[in-house]
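*Asks:* As given, the protein sequences belong to chains A, B, C and D, one line each in that order.
Quick note, the first sequence lines up with residues 0 to 414 if you use numbering that gives the first Met the number 0.
Quick note, the second sequence lines up with residues 0 to 414 if you use numbering that gives the first Met the number 0.
Quick note, the third sequence lines up with residues 0 to 360 if you use numbering that gives the first Met the number 0.
Quick note, the fourth sequence lines up with residues 0 to 360 if you use numbering that gives the first Met the number 0.
If you are wondering where the hints come from, they were derived from the structure by calculation, not from laboratory data.
Only a predicted model underlies this, so the values are computations on that prediction, with no experimental measurement involved.
Treat the hints with care, as some may be off.
[Stated by the list, open to error] Pairs of lysine-lysine residues, derived as DSS-like cross-links and limited to a Cα-Cα distance of at most 30 Å, are as follows:
1) K198(A) - K37(D)
2) K37(C) - K305(C)
3) K163(D) - K257(B)
4) K15(A) - K37(D)
5) K119(D) - K287(A)
6) K52(A) - K198(A)
7) K308(D) - K266(A)
8) K263(A) - K265(B)
9) K367(B) - K257(A)
10) K247(B) - K157(C)
11) K52(B) - K3(B)
12) K295(B) - K367(B)
[To be verified] If you only want the chain C side, here are some residues facing chain A, beta carbon under 8 Å, derived:
13) W112
14) L172
15) C237
16) A258
17) K276
18) V278
19) P280
20) R288
21) W322
22) F333
23) H337
24) F348
25) T350
26) F356
Don't be surprised by glycine CBs; every beta carbon is placed ideally from N, CA and C.
One-letter residues, chain by chain:
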Amino acid sequence: MTEKKRPLLDELKKGKWPSFVTEMEKSAETKPVVNSLLNLLERSFEEKRVHWKHGGIVGVRGYGGGVIGRYCDLPEEYPEIAEFHTIRVNQPSGWFYDSKAIRTLCDVWEKHGSGLTNMHGATGDAILLGTTTPHLQDCFNDLSDAGFDLGGSGSNLRTPSACCGPARCEYACFDTLDLCHNITNSYQDELHRPMWPYKFKIKISGCPNDCTSSIARADLSIIGTWRDSIRVNQEAVAEYVDNGLPIKSAVLDYCPTKCISFDKEKKEMNIDNENCTRCMHCISVMPKALRVGKEKGATLLLGGKATIVQSAFLSWVIKPFIKLDKEDNYAELKEIMEKIWEWWDENAKVRERVGELIYRKGMGEFLKATDLEPVPQMVHHPRTNPYFFWYPEDFAAEKEAKDANKEVAGSEVSE
Amino acid sequence: MTEKKRPLLDELKKGKWPSFVTEMEKSAETKPVVNSLLNLLERSFEEKRVHWKHGGIVGVRGYGGGVIGRYCDLPEEYPEIAEFHTIRVNQPSGWFYDSKAIRTLCDVWEKHGSGLTNMHGATGDAILLGTTTPHLQDCFNDLSDAGFDLGGSGSNLRTPSACCGPARCEYACFDTLDLCHNITNSYQDELHRPMWPYKFKIKISGCPNDCTSSIARADLSIIGTWRDSIRVNQEAVAEYVDNGLPIKSAVLDYCPTKCISFDKEKKEMNIDNENCTRCMHCISVMPKALRVGKEKGATLLLGGKATIVQSAFLSWVIKPFIKLDKEDNYAELKEIMEKIWEWWDENAKVRERVGELIYRKGMGEFLKATDLEPVPQMVHHPRTNPYFFWYPEDFAAEKEAKDANKEVAGSEVSE
Amino acid sequence: MTNPYYAKTDIGPPNFWNMLPQVIKDNYGNWLYHEKVKPGVLKHVGETGDELFTVRVGSPRLLSIETLRWFADIADKYCDGHLRFTSRHNVEFLLADGTKVDALVDELEAAGWPVGGTGKSLKNLIHTQGWIHCHSAATDASGTVKAVMDDLYDYFKKDDLPAKLKISMACCLNMCGAVHCSDIAFVGVHRKIPTIDDNGVANGCEIPNVVASCPTGAIRPNPKAKSVTINEEKCMYCGNCYSVCPSLSIMDPENDGIAIFVGGKVSNTRKGPEFSKLVIPFIPNEPPRWDSLVAAIRNLVEIWVKNAKKGERYGEWIERIGWEKFFEVANLPFTDKHIDDFTFSVPTFRTTTQFKFTDKK
Amino acid sequence: MTNPYYAKTDIGPPNFWNMLPQVIKDNYGNWLYHEKVKPGVLKHVGETGDELFTVRVGSPRLLSIETLRWFADIADKYCDGHLRFTSRHNVEFLLADGTKVDALVDELEAAGWPVGGTGKSLKNLIHTQGWIHCHSAATDASGTVKAVMDDLYDYFKKDDLPAKLKISMACCLNMCGAVHCSDIAFVGVHRKIPTIDDNGVANGCEIPNVVASCPTGAIRPNPKAKSVTINEEKCMYCGNCYSVCPSLSIMDPENDGIAIFVGGKVSNTRKGPEFSKLVIPFIPNEPPRWDSLVAAIRNLVEIWVKNAKKGERYGEWIERIGWEKFFEVANLPFTDKHIDDFTFSVPTFRTTTQFKFTDKK
Ligand code: SRM
Ligand code: SRM
Ligand code: SRM
Ligand code: SRM
Ligand code: SF4
Ligand code: SF4
Ligand code: SF4
Ligand code: SF4
Ligand code: SF4
Ligand code: SF4
Ligand code: SF4
Ligand code: SF4
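Looking at chain A on its own, in the form it has when it is part of the complex (with noise of 0.2 Å):
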C-alpha cells in the first residue's frame, strides 16, 4: 500500500457535511484496493477526467444482468482495480432492512468485494461497488444464500421500487410494498434476463406526492389515487385555523383548481370534490385535519424517462383509475403490465423506451395494442393540427349506425 499523498481529496475530508472521502478511507484501512481507488480518483481530480472505460461483459451464471462490468483505463498503473465491477444487489421494498439485514451485506461484501456501497443507487438498487471478475459468482451465490437476489441492468425490467407507503405515510391510497414485491417477485425472468428492446422501469408511490419521482424516472409510474371525496375533520380545521394557519394564504390560494372555500363563522371547510384534482396540497398543508379518500387505486402512467435519445419524457396518464388488489394478484395491472411489453417489443427499435415508441407511433397504435380505452384525462388538451387517421374500422361502425338509422326511419314510414 503506497502512502501517496491525496491533498485534493483531503480538501473534501473538510466541512461539515459527511465526506464520501471519509468513506472511502474507512475501507482503505482494511481494504488496500479503495487506497488505489482513492489514488485514481485524485489522479482524476488532478487531470479532470475520468479513468474508468467500458469492457467485456461480465455476470453471473443465469442471469444477463445485475452486474456493472467496469475496468479502469490505466491497468498497468493501477493494478488492483483494473477490474472493478459493481453488483446491483435487488433493495426489499421501500428499502426498509433490520440490523442483521444490513449485517449480512456487509459481511458478504467484505468478503467478496472493496467494502463500498451506494445505499441505495438511483434506479433503488443496494449497489456493492467495486470487485473483481471472479469474485462474482461467489458473492452473488453468498447473497443468494442470505436471501438477497440482484437487481436489473441491461435491456430488462429495472428493478421496481416503492415508497415508503402503508408502512409509514398515511397518504398511502394501496399497498406499494406488497405490489413492489409482488411484481419483483412475479417478473423476475423478466429483471434478470434482457430480452427487450431496452430498459424498463416501474415505481411506485402511494400519492400523488409521488416521493419516488415516478414520473420523471419511470416508465410507468404507478401513483396511489382515489375517487371519492376527501375526509374532513372540521373540529381539526377548526383548530389549525385558531392555532394561526393563515388558510387562505397557505391552502386556498394554493389550490389548483379553486374548489375549497372556507366559512371563516363555522370555521368549516368545505371542498368541491368533484372539481379537486387530488394535488394533496390542502391534505399535505392540514394533514391532522384531512385525509385522502376511501375509494381508493392508482393512476397509471407510462413513458417517462430521462434526456436521451428524443429528450427527456414525462411518464402521462394511460389509466385514470386501477383498483390494486392484493386477492387477484394484481392481475389487471399484470394484464395491462404484459401487453405493454408485447407491443413494445414487438415493435421498437433497439434502444427505443416504450415512450418513444409511442411517441413514433401515436397514442391510437398504443392505445389499440393494449385495449385501452382514450379518455380525456391521458392528454392536457385534444389535439391542435387536423392530422387524424381514419381506419376502416371507423367507416364500418359509420356505416352500421347509419343502417341502424335507416332501418329505424324506414320502419318509422312503414308504420
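Knowing the structure of chain A, use the given hints to seat chains B, C and D with the ligands on it.
*Replies:* Chains B, C and D with the ligands alone, transformed into the frame defined by chain A:
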C-alpha cells in the same frame, strides 16, 4: 340563360343572415356567367364536391402574382365559367374606403368580370371573383389607371394588412395605417414578383388586442406596445366603480400577473407596471379610466402560419420592443425584415415558411444571421434539454476572458 | 381598351389617408376612449371632444357590385361617403354626426342588413372560398356559414354573451381562414388517401416537391411509373400533395366533411394566443343547410353561454373546468382521434395525476 | 467457497414485511396523520394512537461497510434494529419510543451524522457515480455534491425555507440522477465532438446502432473505414454514441464541465411535474471544491429564499415572476444556448406579447 331550378341554393336564401345566394342572384340579373356559377354550385351541393381545378398559370404583364387561375372541371357543361380567375386587389390600409373608390372598383369589375367580390379576402385583399384570361390584363390596366394595384399571391410577400389603428382606436401604439402603406409601397417588387421559397405575410396590429390576428396568421406580426406605465385617470376609475363595475371580479382577478391593487377607500387603482405584461385586459374593460403608456412602439413576432406542413405555428417574439419612426422611414424595422428575408431566401427549401425554417435550423442560427440579440422575452421558458451547441467563437470569448483574468491576477501579484 | 404596354405597375394601394372622414383626420392618433352605444354601434371620443360613430353591419363577404354600390349610396347619404371593412369582413359606416345613427341603422336593417357584432357578441364568421371558387375544398364555405349564421343570428345582434365569440371556417386543411385560433372553428376535412393518376404525375408534377410536401412522409417516388406511391398507413388526408400536384386527387364526396375545433384565441388579452383543439372529428356534408353541423355548433355555443363566467372566452372557460369536464358537459365522445400524434404531441400528454374523474356513473 | 452450480436464482428481494418494526406492523395502512417534531424528526400517529418516530440522517450515499455496521449498531441500540433508506438516499431510524429520540439524535450528531432534511428544508442531493465509477462522467459526482452540501449545510438542518428544495446532480447527459425535474439540477456536460478511433469502431461497434444513437442525426456510416463520421455542425456532445460505442471518446478535460437547470419538480402538488430549465450553460470543472459551481448554486438558492413567497417551490416562484425577471434577479446572461432548438422547441417559444421588460437601463 337557362332557367334551371336550384332548390338547394334556394334554401339558403331563407333565414335572417344576408344570403350570398341572393348576392349572386343580384349579379346574375346582369351577368349570365353568374347564373352559370349558381348552376355549378347547385351541382356541387347535390354531389357534395367541388368542381374547380388548378390550371395553367395566368397573370398580368410584369407581375408574377395577384391573380388566381381557376378552371371548371366540367368546361363543356359550363362553358361560361370554364375559366373563372380571381384578381386580388390591394386594399387601402385599414380597409378604409370612400364611396368613390367603391364605385370605381365596381365599375371596373362590371366591365371585366362577374360582378362578384369578396370584401375582403382572408389576407386582406379586395377580391374580384371570376373572370376570363383575356380580361385579366385589361382589368388590371383599368384598375391601375384608377389608382388600384394588385395584391400578392404565390411565393412572394403577401399583401400586408393593418388594423384601423390611430384612425379609429384609442389603443393604437403607432401608426398602423402609415406603416402598412409604407411597407407595401417599399416592397412592391417583393409583392409582385414571386422569387422566394414560399409566401411571407405581414400583419400589423396597433396594440396587443391584435385585431388582425397577426400572431395566428402572419409570418411577421407587428404589434403595438409600450414600455412605460399605463396612464390611470383615478376619477374615471371611481366613476366606473360608482356605476357598479365589479372591479375585483371583472378586472383584478383577470389580470394575468395580478399586478393591480385597488384601494377601496380612495377608489384608486394602482398598477405595478414593472410586472404588467400589457395584456390590455384592464384597459379594455375601463377604457375611460386607463390608457396605454406614452413610450410606445411595437413588439415583433415571427413564424406564424396555418397547418401545412409542420402544423400551425403562432408567431413568437423576436424583438420585444422597437420604435417605429415615420421620420426615418421605419429604417430599423426594414433592416430587420430584409435580414430575415435574406436568410430565409438563402436557406429555405421550396415551400418552407420562415417559422418552419427556424424550427429546422434553430433560433440560434436565426439570431446570428439577423443580428438579433437573444433575450428571455423570446421564450416561455428556457430549454429543458441539455442539447446545446458550442461554437469556436464561444471558446475564443472564454479564452479571452480567462486571459484577461489571468493578467489582472498576474498584475495584482506583481504589484 | 387601354394599351396593355402602358399599364402603370407597382403603384401600390390607394392612400388610406384620402379615404378618411374629416373627424378622423382631426383626431388621428388622439382618440381618448370609446363607448358602446348599442349593439353594432360604437362611439369613439377624441381628446378634442370630437365624436366618431361606427355602425357595424354583418356581411356575407361575398358581395355583388349591386350591393357595394348601395353601400356607397348609404355612405354618401349618412357618412359623407365614408365606410370601411373590418378584419372580419364586416362593413362599418363612419359618421361624426350622432343624430344620424338611428336613421342609418333603420335603413340598413330595413334592407336586411343586420347591425351588430360589437362587444360581447358573436362576430362575423371568417371564412374562405369553398365550392364557389377553390379546387381543394372538402366542404362549402358560404353555405355552411350562412346556415350557421342564420341559426346563431340573435347572438350577432346582442351584446350579452360571456365574452366575444369568434367562429371561423376553412374549407380545407390549408386553413385560409386561419381558423386554428378561434373560439369555435370548423374546417373541411378529407378522410381517404388521394388517388394517383400516374400519367398526370409523370407529366405535370415535380416528384421531389411532391415527396417533400407530405407532412408524414407518406409519399415515396415510384421511379418505374415516373410517379409516386402513397403509404396508406401514413397518409392522414391533408391534401397538401394535391396542392402541389393536381393529379393526386383527394376529393371524395362520400367521406369528405367537417371537423370542429374549439377554445382558441388570438388576442394577448388575459391569456395569450392559443390554438383551437379538436372536439368533433367528423360531421358529414349535408347541403344545403348542414343540419348536423348547425346543431353541433349550437350545442357548443349554448353550453358555453350557460356555463362560462362573465368575461371568460371559450378556451378560458374550458381551461377553468378542464377538458375532461368539457367533454362531459358537451356530451361528446372522446376518441383516439383527439389525442395528438404529430410532431409536437408529447407536450400535450397529461403528465400529471391531476385530472377530474368524469366516468363515474 | 459455495459451489457455483447450486446458487439459487430468482428468489427476489428479501420480504420487506420481515424488516418492519412492530409498531409499523400494528399500524400498517392505518396511519392517521403526522407532525414535524423538529427538523429531521417526524412523528406519525396511527388510528390506534400509536406513535412512530422517524429520525432522518443525511448520507453521502457512498457508505463503507464500517459505517453501515455502525448504523446497524445504532438501530439495535435505539430502534430494535430497524432502519430504512429514503428515495433520496438518506438513512431513517424508526422507533416507537419517543423518549429515545433526543439521545439518538445526539449520538448521531456527535458522530458527525447530520439530522435534518425534513419539511421545508434542503433535501439530500440525488447524485450518481462520477469519477469514482462511471466511464462517461463529464464531472465528478461525490466531489461536487460534497462541496455543495458543505456550503448549503445549514439549509439541510433547518426547516424554514419557502418550500422544500431538491437539488440533484448527474455526471453526464444519461442523467442517471434523473435530475431533469429538480428545483436545481446540475449535470456534467461535454462541449467537443467525440474523437473517432476508426479501428475500434470497425472491430467493436454495431454501425447501425451507433448511427441510430445520435439524437441529431450527426453520425453517418463511413463504409470505407468500416467506421463512422460525425458532422461537427450537428453534434451537441450528448455522448450517447460513446455509450453505444466506446471508440467514440468524448472526454475532454479542458472543455468538460457542468450546466445548471432550475425550476423543475415531480410532485403533483399544486402545479404538476415540470422539467428543470437551463440557466447556466457552462461552469468549468474546478476540483477539489468546485468554487464557481458552489457560488453559482448558492446564488441561485439565495435569490429564491429572498424572493419566493411562503409555499412556493423554485419553479412556482419563477412562474409567478416570469423567466425574464428571473434572469434579471439572478444576474445571469441569457444566450442562444438558452433557447431550445431540439424536437419540441416550438412550444417553448413565446407566442404572445405578454412579457416584462427587463433591459430598461
Ligand atoms: C448506478 C446508477 C447511478 C447511481 O449512481 O445511482 C446508474 C449508472 C449507470 N447508468 Fe443509469 N444509473 C442509474 C440510474 C439511472 C436513472 C435513474 C432511475 O433509474 O431512476 C436514469 C434516468 C431514468 C431513465 O431510465 O431514463 C438512468 C439513465 C441512464 C441512461 C439513459 C437512458 C435513457 O433512455 O435516457 C443510460 C445510458 C444507457 O442506457 O446506455 C444509463 C447508463 C448507465 C451506466 C450503465 C452507464 C454505462 O453505460 O455503463 C452507468 C453505470 C455506472 C456505473 O459505473 O455503475 N443510465 N440511470 C443508477 C442505477 C443504480 C440502481 O440500480 O439502483
Ligand atoms: C382567397 C383566400 C381565401 C379567402 O377566401 O379569403 C385564399 C385562397 C387560397 N389559398 Fe390561402 N387564401 C387566403 C388566405 C390564406 C390565409 C389567411 C391569411 O392570409 O391571413 C392562410 C393561413 C395563413 C398562412 O398563410 O399560413 C392561407 C393558407 C393557405 C395555404 C397553406 C399555407 C401554409 O403554409 O400552411 C395554401 C396552400 C398553398 O400555399 O399551396 C393556401 C392556398 C390557397 C389557394 C391559392 C389554393 C390553391 O392552391 O389554389 C386558394 C385559392 C382559392 C381561390 O380559388 O381563390 N392558402 N391562405 C385568401 C387570400 C385572399 C387575400 O389575398 O386576401
Ligand atoms: C374593427 C376591428 C379592427 C379592424 O381594423 O377591422 C376591431 C375593433 C375593435 N377591437 Fe378588436 N377588432 C377587430 C378584430 C379583432 C380580432 C381579429 C378577429 O376577430 O379575427 C381580435 C382577435 C381575436 C381573438 O382573440 O381571437 C380582436 C381582439 C380584440 C380584443 C381582445 C378580446 C379578448 O378579450 O380576447 C379587444 C378588447 C375588448 O374587446 O375588450 C378588442 C377591442 C376592439 C375595439 C374595442 C378597440 C377600440 O377601442 O376601437 C374595437 C371595437 C370592438 C368591437 O367590435 O366592439 N379587439 N379584435 C375588427 C372587427 C372585426 C369584426 O368585424 O368583428
Ligand atoms: C421518505 C420519503 C419517501 C420514501 O419512501 O423514501 C418521503 C416521505 C415523505 N414525503 Fe415525500 N418523501 C420522499 C421523497 C419525495 C420525493 C422524491 C424526491 O425528492 O426525489 C418527492 C417529489 C419531489 C419533487 O416534487 O420534486 C416528494 C414529494 C413530497 C411532497 C410534495 C412536495 C411539494 O410541495 O411539491 C410532500 C407533501 C409535503 O411535503 O407537504 C411529501 C410528503 C412526505 C411526507 C410528509 C409524507 C408522510 O406523511 O409521511 C413524508 C415525510 C416528508 C418529510 O421529509 O418531511 N413528499 N417526496 C422520501 C424522502 C426523501 C429524502 O430523503 O429527502
Ligand atoms: S408518495 Fe405519498 S404515500 Fe408514498 S411516501 Fe410519499 S406521501 Fe406517502
Ligand atoms: S387536493 Fe388539491 S385540488 Fe383537491 S382540494 Fe386539495 S388543494 Fe384543491
Ligand atoms: S389592434 Fe389594438 S389598436 Fe388595433 S384596432 Fe385592435 S384594439 Fe385598436
Ligand atoms: S394590462 Fe393586463 S397585465 Fe397589465 S395591469 Fe392590466 S390586466 Fe394586468
Ligand atoms: S381553405 Fe383550402 S379549399 Fe378553402 S380557399 Fe383555402 S385552399 Fe381553398
Ligand atoms: S394527403 Fe397529405 S398525408 Fe396524404 S399523401 Fe398527400 S400530403 Fe401526404
Ligand atoms: S450520469 Fe452518466 S456518467 Fe453519471 S453514472 Fe450515469 S451514465 Fe455514468
Ligand atoms: S455525441 Fe451525441 S450528438 Fe454528438 S455524434 Fe455522438 S450521439 Fe451524436
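*Asks:* Give a verdict on every hint.
*Replies:* These are the hints, each one checked on the structure:
{"no.": "1", "hint": "K198(A) - K37(D)", "result": "violated, 41 Å"}
{"no.": "2", "hint": "K37(C) - K305(C)", "result": "holds, 23 Å"}
{"no.": "3", "hint": "K163(D) - K257(B)", "result": "holds, 25 Å"}
{"no.": "4", "hint": "K15(A) - K37(D)", "result": "holds, 20 Å"}
{"no.": "5", "hint": "K119(D) - K287(A)", "result": "holds, 18 Å"}
{"no.": "6", "hint": "K52(A) - K198(A)", "result": "holds, 21 Å"}
{"no.": "7", "hint": "K308(D) - K266(A)", "result": "holds, 25 Å"}
{"no.": "8", "hint": "K263(A) - K265(B)", "result": "holds, 27 Å"}
{"no.": "9", "hint": "K367(B) - K257(A)", "result": "violated, 45 Å"}
{"no.": "10", "hint": "K247(B) - K157(C)", "result": "holds, 25 Å"}
{"no.": "11", "hint": "K52(B) - K3(B)", "result": "holds, 24 Å"}
{"no.": "12", "hint": "K295(B) - K367(B)", "result": "holds, 27 Å"}
{"no.": "13", "hint": "W112", "result": "violated, 34 Å"}
{"no.": "14", "hint": "L172", "result": "holds, 6 Å"}
{"no.": "15", "hint": "C237", "result": "holds, 6 Å"}
{"no.": "16", "hint": "A258", "result": "holds, 6 Å"}
{"no.": "17", "hint": "K276", "result": "holds, 4 Å"}
{"no.": "18", "hint": "V278", "result": "holds, 7 Å"}
{"no.": "19", "hint": "P280", "result": "holds, 6 Å"}
{"no.": "20", "hint": "R288", "result": "violated, 18 Å"}
{"no.": "21", "hint": "W322", "result": "holds, 5 Å"}
{"no.": "22", "hint": "F333", "result": "holds, 5 Å"}
{"no.": "23", "hint": "H337", "result": "holds, 4 Å"}
{"no.": "24", "hint": "F348", "result": "holds, 4 Å"}
{"no.": "25", "hint": "T350", "result": "holds, 4 Å"}
{"no.": "26", "hint": "F356", "result": "holds, 5 Å"}
Hint compliance for this structure: hints 1, 9, 13, 20 are broken, all remaining hints hold.
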